[in-house]
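Engineer: For reference, the chains in residue letters:
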Amino acid sequence: MALYLIGLPFAKTGLELAKRDSDAKVVLIEDGVYADGSGFGEVYAVKEDVEKRGVASRVAGAKVIDYDELVDLIVDNKVVNFL
Amino acid sequence: MALYLIGLPFAKTGLELAKRDSDAKVVLIEDGVYADGSGFGEVYAVKEDVEKRGVASRVAGAKVIDYDELVDLIVDNKVVNFL
Amino acid sequence: MANINFLLTEGPFQTEKWNTAAKIAGAALKKGHKVNFFCYLDGIYNGLSTQEFADWEKVPGDYFNELVENGAEIVCCGICVNARGQQSGKFFYEGIKVGGIPDWAAFVGGADRVVTL
Amino acid sequence: MANINFLLTEGPFQTEKWNTAAKIAGAALKKGHKVNFFCYLDGIYNGLSTQEFADWEKVPGDYFNELVENGAEIVCCGICVNARGQQSGKFFYEGIKVGGIPDWAAFVGGADRVVTL
Amino acid sequence: MEKKILFMFLRAPFGAIYYTEGLRAVVGMMSGLDEHKVTCVYAGDGAYYCLKDSDKSESAGYVKTIADISETHYYVEKESLDERGIQEGDLDGMFEVISRDDFAKLISDNDVVYDF
Amino acid sequence: MEKKILFMFLRAPFGAIYYTEGLRAVVGMMSGLDEHKVTCVYAGDGAYYCLKDSDKSESAGYVKTIADISETHYYVEKESLDERGIQEGDLDGMFEVISRDDFAKLISDNDVVYDF
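Residue numbers (this note's numbering), protein chains in the order written: chain A, 824 to 906; chain B, 824 to 906; chain C, -11 to 105; chain D, -11 to 105; chain E, 117 to 232; chain F, 117 to 232.
Derived from the structure by calculation, the hints contain no laboratory data. Be aware that one or more of the hints could be misleading.
[Said to hold, decoys possible] With a straight-line Cα cutoff of 27 Å, these simulated DSS-like cross-link-like pairs (lysine-lysine) come out:
id: 1; chain 1: F; residue 1: Lys168; chain 2: B; residue 2: Lys870
id: 2; chain 1: B; residue 1: Lys875; chain 2: F; residue 2: Lys194
id: 3; chain 1: C; residue 1: Lys78; chain 2: A; residue 2: Lys870
id: 4; chain 1: C; residue 1: Lys85; chain 2: A; residue 2: Lys875
id: 5; chain 1: D; residue 1: Lys46; chain 2: F; residue 2: Lys180
id: 6; chain 1: D; residue 1: Lys11; chain 2: B; residue 2: Lys848
id: 7; chain 1: F; residue 1: Lys168; chain 2: F; residue 2: Lys119
Starting from the given sequences, assemble the full structure and let the hints guide the process.
Structural biologist: Here it is as structure tokens:
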């Protein structure tokens, strides 16, 4: 299982690649929470980044996670960095 | 007369604005030389940036200028910064 | 427990990478994971102990110093440190080391996970 | 002759803004124009006299020192200097000053042209 | 000499610090001897800053100081909002929506144009 | 422990320094005790580096050292080339064109994936 960390400006490239990985989990992080992470089975968005930017409604399809949960995801999956 | 200095990542915004200025002169500079500056009456591209990137054929419609010529353009026109 | 290596290539203030890095690494340390950092390029400025910014209670450097106090190992690229005029890191927090890419390669060799910021 | 003010907000090495700035400003000085710089945010790192990088004959700071020797005035934002741990610019080239946004506002007031990098 | 200065905020907050250090600069520009007149415009990814719920605590002090000095407009470009799927109802009330044509007019009306 | 490492070059050269400092890092990764195996892939604006006429003088030494250590592939993503109007004939011969699907496979085949 691979965890795609998606930020800007690499979101477009990263999400295209993640789409080709049937085991992809996607984490929208930092300015990546502005990106459209829809269409993935498992999408996460980092709470502190979502709240600071006021985009809770824009990431409605994502599970909002704190840093503790993000660490668990990092530990449990191979990390693919796009941020 | 206004001189639009166009770099990345602001090229798209800057070129859209320059299009609305009938007196616009456009200078593609730094990574801005990758942008499409076609459709403007006066388009320039900075020589050192073009050569380093090997994009002479991509900016064929632009006049390639050195820093001396760029300074003359800056002095003779109001500068609008998009880089 | 996992061993997590961070690559940090941006400096304090200019972007928020330092903040994200400190938050993830801090959470990882609390959970008992092993954490190390290689600071490359502008990332090396995060090691400075001399940052002063009245608007904030804590400066970015303080967060990295705390990570070290909590068990993280932080190594900065020496070539980057000297190129950027930081004099072999003489104003870095004591626990923040100056090394080279071989240290980074060794971190990666021992890492279960690699995160870039 | 024109008075050109540069705003430089990025540091040495990481991006090429320092190089573009030095090249344009150098050409402007040779043509007899008046040049001044306000270095803001990471731009302040360009003032350091302590940069050492064996791969290059000249380091970015050398170019800015030369600009000063050729008549440019360079002022760095003091808040940014101290926030970034550069101790009131004590390792800056002698001719590179530490000031504040009022200096920048005054530069703009007297400028015929403003270029940001 | 007093100048008319346009500050364009073009970068996404909060990945880079320009969203707040730009406003610090606006304060300084307005409070110097020359008393420059400043207008702010948000476009491109900078438009995200105009969202009602984005965190403005760090820049609130600057915005208040700016208001105390002189009436200052904060515009946001309609086309940038549309491209990002942002509705006018999503915006904080301090921002006035303008068209790209009006943005172009701001550029031509100001003496100095900063990209932040 | 020896790892398989993928270096993705995603930023436009030469605006940022990653295009060459990334290759310096590749040398270091391959020459350490663990002798990691590295593959390079260029995509997004990083694809511009693959142009035949782009200046490779700063990284030439690294590329040579890398070749001396072990055979290393430098791939460039076809879709990134197409989006930028770059023809295969415009490319330097050291780069091998691959599809986005193959790029995805590289990601899954490597242990560590860096974005440079």
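Engineer: Each hint should be assessed against the structure and marked as holding or not.
Structural biologist: Hint-by-hint comparison with the structure:
no., hint, verdict
1, F:Lys168 <-> B:Lys870, "holds, 17 Å"
2, B:Lys875 <-> F:Lys194, "holds, 23 Å"
3, C:Lys78 <-> A:Lys870, "violated, 37 Å"
4, C:Lys85 <-> A:Lys875, "violated, 33 Å"
5, D:Lys46 <-> F:Lys180, "holds, 24 Å"
6, D:Lys11 <-> B:Lys848, "holds, 21 Å"
7, F:Lys168 <-> F:Lys119, "violated, 31 Å"
Checked against the numbered hints above, the structure violates hints 3, 4, 7; every other hint is satisfied.
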